[in-house]
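Chemist: Residue numbers (numbering that gives the first Met the number 0), protein chains in the order written: chain A, 0 to 349; chain B, 0 to 254.
Source of the hints: derived by calculation from the structure; they are not laboratory data.
Do not rely on the hints blindly, as some may be mistaken.
Below are the DSS-like pairs computed for lysine-lysine, each with C-alpha atoms no more than 25 Å apart in a straight line [stated by the list, open to error]:
(1) A:K296 - B:K74
(2) B:K167 - B:K225
(3) B:K115 - A:K54
(4) B:K115 - A:K44
(5) A:K44 - B:K225
(6) B:K115 - B:K225
(7) A:K44 - B:K198
(8) B:K225 - A:K51
Just so we're clear, the structure is a prediction, and the values are computed from it rather than from any experiment.
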Amino acid sequence: MPVAVIGSRSVGKSVFVSLLANTAISYGVKMNRHFRLYMDPQTNKVVGEMLKSLKNSMWPPATLKGTLLEYEFSFGYSNAFQRFLSGIEKILPTKIPKGELFDVITFRLFDVAGEDVESLSKILEDAKKRRISQAEALSDLPATLRYTLGSDVLVFLVDASKVTVDRKDPRWNEMINTDILMAQLYSFLAQYRSLTQGGSVLYPVFVLVKFDAMDPPIMQALGVSGGNYESWIKRLGEDRMLRWRFFEKFMSTFFRQSLSQIYGVVLRDKKMELEEAPIFVSYVATELNEDGQYVPKVERRGLENIIRYSESEYEAFIRYFGKIAGKISDKRISEEESYVADVGGAAGIA
Amino acid sequence: MDSLKIEHLVYAPIPYKGYSVRAKSRNASNDVFTSALRDWFIPFDQRIISPSFFERTVVFENENVYLSRIFAADKLDELGRSGVVSHVAQIPVSFIRGNKISLKMIDEAMGKQVDKHRVPLGDLEPLEVPLVEGVTGSELAGILPVNAASVITKGVVEEHMRVFVLSKSIDKLDLIFALTRVFSGFSVKGLLIASENLKNDVLYFYDGAVIVGKILPPWARTRGWKVVNLEKYREVVSVSDSDVEEVLKRIYGGT
């Protein structure tokens, strides 16, 4: 299942991928009866290198424009019945292979350069100037963007550090530009999928990143209690409605045009329901280094040096896919594909 | 004229902007370089880029040759992130055709102005490279035997094939420069010369490609590719009278 991470330059796409993998690694070890992780050798290497950067208090390298970093990994989820079978495995007359006890979702996760996402508006302007059709404009898209826009799961990263209420702040115009870019991206995505996807279902996910970098008065005004965002984030795991209410308030205050498109895309693509998307919050705690740059904070906990980040939210992200694993697992998809192939074969003979 | 001024630019991350033209000499045109380098679809896979990564590519486009030195460098943007730097020089193909300039000296001059620890931002002086003879015909024959050069150029110029040059013994940089000298004798456009580490999909942006390497990648075995193993071309064979061989004779000086 192709999954793409979308967001503007330096929003933290590579960091998101690294932390998702880091959480899956820990979760897979801690919860090995419920959840397993397999990464292909190349993904192991790249993820390992990116985590090495973070553990050394450095951000991962800037992703090259025009490059599609592809990671392949599988999440395996077991449901209550499968875990029951696993528990009584020893008394069963026939041995069930362990792999059969998990619903497996194989992700091909694409990390595109922020410059590629930002070039979308340039491509749209060019298409208008050259007076070419929508279909022609789509064929002009770089391969990286075509892969991204055609994915089954889209993870939209929204940068919380860019919001401000001060019009003199350099972030003010940047925030407005981000709103325009996101709104354009959502509407372009609906246009692209309505022309190319033939009715396939999209699973969108929103992640509010760099949550720690939001100005404290804004946090407070948005209802993050007591300025302690870490404990507030933990509450999100217990209160499902709190997530969406917060996201709606955040978006309607700072990225209203984008929110209107999140609601509006159904008018163009009836299967694209962005407002049903789950929301997660992400942060990596940072500290100033000797060059005056904010870098990832690494803490000593017992024998481990750990990156301090919103691990509970990444676990919630992994669990979300566990809930829909029954619908989208590789086994189910391959059964559906063989069913379609059988029907096609029968029609051919007739 | 005893030296040539060469326009050049650096494409790399810029703080608060991302990948863009970071530095350039006054007369280097962004549009011309961007078009020659196919909108900066940098031909290497990010997964192979490590701190020691260093590659060269050559592109032939409109009477110019674009020599790129591509490498990884640290602390390029506002977050102190590392990234990939492409330092590109625009060399008039006529100077290479006439063997009036040494590609190795251009490469060294580029290295002196831009290195991994000092990636400039803003204006650059043009590169000033002395006009001296490049590799001689016999030196060239030692790197790329004339009969192999004949097969490669016929493959690209006449048969419009992509060619993989396999050699375990010759340094890839010497081979890239030797091929550049050979192709300067022909009117080729949209030709890319690079090493085996490049991304396969980048090849589709160019009309022709000559890739050099020590290991034959799986994609070079597909249709439309010709493989030339240099180790098999060490014996001298007679030269026939086709156009390709006539040009090669001029370049190699009848070796």
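Chemist: Taking the hints in turn, state whether each one holds.
Modeler: Comparing the hints with the structure gives:
no., hint, result
1, A:K296 - B:K74, "holds, 18 Å"
2, B:K167 - B:K225, "holds, 17 Å"
3, B:K115 - A:K54, "holds, 23 Å"
4, B:K115 - A:K44, "holds, 24 Å"
5, A:K44 - B:K225, "violated, 32 Å"
6, B:K115 - B:K225, "violated, 35 Å"
7, A:K44 - B:K198, "holds, 18 Å"
8, B:K225 - A:K51, "violated, 41 Å"
The structure shown violates the earlier hints numbered 5, 6, 8.
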